[in-house]
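Participant: Just so you know, we're using UniProt numbering here: the sequence shown kicks off at 1 and counts up by one.
The set of hints was computed from the structure by calculation and includes no laboratory data. Check each hint, because a few of them may be wrong.
Listed next, the in silico EDC-like pairs over lysine to aspartate or glutamate satisfying Cα-Cα at most 16 Å (straight line) [what the hints assert, rightly or not]:
hint, residue 1, residue 2
1, Lys-68, Glu-47
2, Lys-343, Asp-393
3, Lys-443, Asp-393
Derived Cβ-Cβ restraints for the label pairs, each shown as a range [to be verified]:
hint, residue 1, residue 2, range
4, Val-853, Tyr-1177, 32 to 40 Å
5, Ser-944, Asp-1239, 45 to 53 Å
6, Arg-570, Lys-449, 42 to 50 Å
7, Ser-944, Pro-660, 27 to 35 Å
8, Ala-468, Ile-686, 15 to 23 Å
9, Asp-1074, Gln-387, 33 to 41 Å
10, His-1238, Ile-1081, 41 to 49 Å
Just so we're clear, the structure is a prediction, and the values are computed from it rather than from any experiment. Using N, Cα and C, we set each Cβ at its ideal position, and we do this for glycine too.
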Amino acid sequence: MGNQLAGIAPSQILSVDSYFSDIHDYEYDRSLGSTRFFKVARAKHREGLVVVKVFAIQDPSLPLTSYKQELEELKIRLHSCQNCLPFQKATLTEKAAMLFRQFVRDNLYDRISTRPFLNNIEKKWIAFQILNAVDQAHKSGVRHGDIKTENIMVTSWNWVLLTDFASFKPTYLPEDNPADFNYFFDTSRRRTCYIAPERFVDGSMFATESDQTTPLMDLSSSSQRTRGELKQAMDIFSAGCVIAELFTEGIPLFDLSQLLAYRKGHFQTEQVLMKIEDRSVRELVAQMVQREPEKRLTAEEYLKQQRGKAFPDIFYTFLQPYMAQFAKETFQSADERVLVVRKDLENILHNLCGGEQAEKAARATESDTTKEHALAVLVSVITSCLQTLCTCDSKLAALELVLHLAERLSVEVLLDRITPYLLHFCSDSVPRVRAEALRTLTKVLALVKEVPRNDINIYPEYILPGIAHLAQDEATIVRLAYAENIALLAETALRFLELVQENNLNMEHDLNGEDAEEALHPNENYDSELQALHEMVQQKVVTLLSDPENIVKQTLMENGITRLCVFFGRQKANDVLLSHMITFLNDKNDWHLRGAFFDSIVGVAAYVGWQSSSILKPLLQQGLSDAEEFVICKALNALTCMCQLGLLQKPHIYEDGPSPFLCHPNLWICYGAVGFITVVAEHLNIADVYCKLMPHLTPFITQPIIQGMTEAEEDKLLALKDFMLKSSKAKANVVDQSHLGDTMQSGVIDLAALGIMGRHVDLVKPKHESEDKRARKHTKQDSNMNEEWKSMFGSLENNNIFNHGPHIDPLQVTEGPALQPRKAALPVVQSVGGASTYQRRLTTCKTELQQLVQQKREQCTAERMAKQMMESTEWESRPPPPGWHPKGLLVAHLHEHKSAVNRIRVSEEHSIFATCSNDGTIKIWDCQKMEGKTTTTRSVLTYSRIGGHVKTLSFCQGSHYLAVASDNGSIQLLAVEANKPPKSPKVHTSQTRFLDLKEDGCVVDMHHFNSGAQSVLAYATVNGSLVGWDLRSNSDAWTLRHDLRLGLITSFAVDMHQCWLCVGTCNGTMACWDMRFQLPISNHSHPARARIRRLLMHPLYQSSVIAAVQGNNEVSMWDMETGDRKFTLWASTAPPLSEMQPSPHSVHGIYCSPADGNPLLLTAGSDMRIRFWDLAYPERSYIVAGGASDSLHCPSVFYNRKIIEGTEVVQEIHSKQKSGSTEDVPRRGPESLPVGHHDIITDIATFQTTQGFIVTASRDGIVKVWK
């Protein structure tokens, strides 16, 4: 680039760093290489690392300004090209011209030879991007001029950037002088030449000199610059050479001499191209490197041509547009990229997995490369971020992503791309990340089903040493994770070793001679490698079994101690595991650890064998005498299991240790003792049971054991001989007469059809001759029956009651099918004629038809009565009386709950009400005792067997059944038996259902309704399931799936006619479902997207709901047909219906009743105040009771009604001065102390006895009753 540049001798040669003295924003970092044309360095800038190319000015007359303008124009043109990286800045100084661009660590030449090596799908992805980059540049009017592997940058997530655009380099070169090529293009000194053959021309076109090392181009002449123009076909040829090198593992397609020979037709490319396995790629490269430029297509045409062939269709439809977003500056942060991928995971899997599988099925016969999953391309985005993540949440999200994708990735990707980063996370500074990384690593390695030969020692040399430090980690949760997963890690390591052994054995059959001996060398070391593996795992297991924290030991026993026994073998299981586990019983303070020992000892003993019984005997006896009842129960269960497995010797079984527990007051221990004795009795013979077992049991059995028939019973039977003979003959006559009929007699039960085995005694000898004759007759007729009759009426082999076996002596008790008084049909008479058969079948059809009609009539009548009953039923069975205005007088202060009370429900007849709490209890209260006539008021029943935090409950309509739900996933239906005073009611569990917490989550709200034909308990779960549980059939009546994009369900309400239901979410959405067709109808959202806290059906308007939302104590009535907010109660100082200044207080409990046709509303919430809202006359609304933080008297407020944007709003306004005595507003009587709630009111309800009462509950466990 100049007047014989190579011929100018520089006056002085300066190092590249000396040129940085003239530029102040860049700090020299290190040299990236130098050529005669450019000196290249890496520099530091405040925005990151940059590449600086320095052209030393030896001739000041060079027109460098025009080149600078050309590069700036090129930068503008390529600004929107996502796969192009032009020079971002050009600077001219007195000493040099400098070009700046972003630094990218790897170019394609380096990436091809860097581990982990590119798989086939990644190569196709890179080739696809190369053509995209060329297409983008050409459409922008830019030709590159020097495309080669060194000028194609590849990021850590395999995004391709075409860089170092060489518009300033000569277009044409002399074919007989390599000086220009060496000076401008052979910067790597590899002698590879990817310049299109038409760019080499006859040397006579240039000013020729004798020096073959001197470039002939003089680009300072404008005529020579414009004489040669770069063409698109030239870049296509170069790109084809790059793709060929990519797919041949770095073998260049041409060097300079081969390209010149190829130009003249003296060299062919088939030998190199045949190394490309994919036929479509091979054909693509062959077309791109054709000698004639006019035969080469454009990059866009190649992309269209190879769609679905060389490049999977998913590249075009999803992968390229999705990956392009990460090339933008918007997602420069690694944390942001991971969160974006996690958010889009479902869409990614749908597109990549689904589309890829379809593509594989279509092209399975064309190429084996389709086995590589396109998902591996996306994995590079995640792995490129792992080492630079900052926040703990992002790291955990990345581990979650890796685990989700691992099941769909190949073994090579799991071991080469995923495992190193997981081991990196095992050394993270955050304990949660270390623990989760270990769990993820264990699960990922468990997915590996085959071991590549280069990874045969990955466990002993890489994985186990990489996580060894976690066994002594300072954080307990990390050691817990290690104890939880070490069994699976050991199993996987052993499986890896066995897979390697299997591969070696397979190679034995394929190889001979010296190769076979070399291949079998690992086989000789199998035992030594297994021993080394045992020692590594044993060291860590012993460390965990000796951990100072008992929870670590307990976790190790509960998570795979039996699998560790299998891994170590019988000897080490006894010497290492059992010997350490025995010491756990010495810990007298932690009964959980002792209990875990007895839970785990059965598996260990089963593997070690019966020889361990002598060791375990004193340990089991110690467990039976433990101070903690749970440990005793677990010890009994261990004894039972070991007895079932035959691990206990007879002398140990006979000991009287478990027998006294038969009368233990703890029901679990009593059941455990019964189970043990039952198993012992099953495994002993009758003599041992009576001689050795019974003496231990006799002192603890209150009822004598039934001995069967005794002599006294036999005498009684003989005394009844005459009566029993007559009865037997009468039954026999009934059987004979039944042959003439075909229908079952009314009131007769066929015991044999039910499979019931009866005991009978023959008092007289049967008449064998007549019976044998009758039997022969029946057998003959039975043999003549056709198969159709046999299928309809049955054969005589099964139905003939006269077919006796061997002779039975009198009074010998036998056991067999119960004798039935008649048979349904015997084909002796039925085979007489077709007319009678038709008549009988016609009669049967008529009978069945009449039964069906009667059944349908009864069902229709029941449904009509139920509908009429619902339509005539009021909003509740006992609404408040007309004109009821509670005065806010405290009647009862109940503090039995130990934690927050979540729900209050009143029974239908208002005799009792129930509360549930986070303390795991449900308490039943007698409404009659709340009138203040008794000195102390206590709950009449407490139920605490459900476990967890009880979140909601509901009385079943028309019954005393109470449905309760806990956050542990259980739903129980409790039957509350009301007794007359002074006896307290009793409760027992009627039905139980357990939900999958991972799939469904816990219940957030439930309601019961009785539709006549069904008694349905409807409940909603956290994860969006809406289920109607038919309590009568114990099955699901219907199941709906809520769209979680609308938000998590917080509450729901069901229409009184069960035609529709409405769901409220945390995002302020109210979603309606049609219950008849089980389809979603409409969705309406709160303008502020405020959380829906409680939903109720409006008692008067069938298409409206009442919703309590987050903030401003807002309660609104919504018309679900139109989505309009018709009416709003606003107890806040913020402007009505405002969204920008919300008050923190919200309504948590709401009660609505159509008293005297005029709905009234009671609300309570986080401001601890109870409000009475008169919806017919809002001005009469008032505060019933204030919170404990209020003064002794309720705050002075008044209520104003106004219309705002078409919505009627009733606003609570505080008076500036305390009002005097007002007749309309009742006041609380004189109190010495505030009686209001001290914490958030969680629910509110009313009940009626002789007068109306309000019952409220708060987060501190207090229940208050007001009147």
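Participant: So, for every hint listed, does it hold in this structure?
Facilitator: Each hint tested on the structure:
Under the criterion of a C-alpha separation no larger than 16 Å, the hint pairing Lys-68 with Glu-47 is inconsistent with the structure, at around 23 Å. Between Lys-343 and Asp-393 the alpha-carbon distance is near 13 Å, which keeps this suggested pair within the 16 Å criterion. This hinted pair does not check out: Lys-443 and Asp-393 have alpha carbons roughly 20 Å apart, beyond 16 Å. A C-beta distance of roughly 55 Å is found between Val-853 and Tyr-1177, which places it outside the suggested range of 32 to 40 Å.
The hinted range of 45 to 53 Å is not satisfied by Ser-944 and Asp-1239, whose Cβ atoms lie roughly 22 Å apart. Between Arg-570 and Lys-449 the beta carbon distance is about 28 Å. The supplied range of 42 to 50 Å is therefore violated. At about 28 Å, the beta-carbon gap between Ser-944 and Pro-660 stays in the expected band of 27 to 35 Å. In this structure the supplied range 15 to 23 Å is violated for Ala-468 paired with Ile-686, their Cβ-Cβ distance being about 58 Å.
As the Cβ distance of Asp-1074 to Gln-387 is approximately 52 Å, the hint placing it in 33 to 41 Å is violated. Between His-1238 and Ile-1081 the Cβ separation comes to about 43 Å, which falls inside the hinted range of 41 to 49 Å.
Of the numbered hints listed earlier, those contradicted by the structure are 1, 3, 4, 5, 6, 8, 9.
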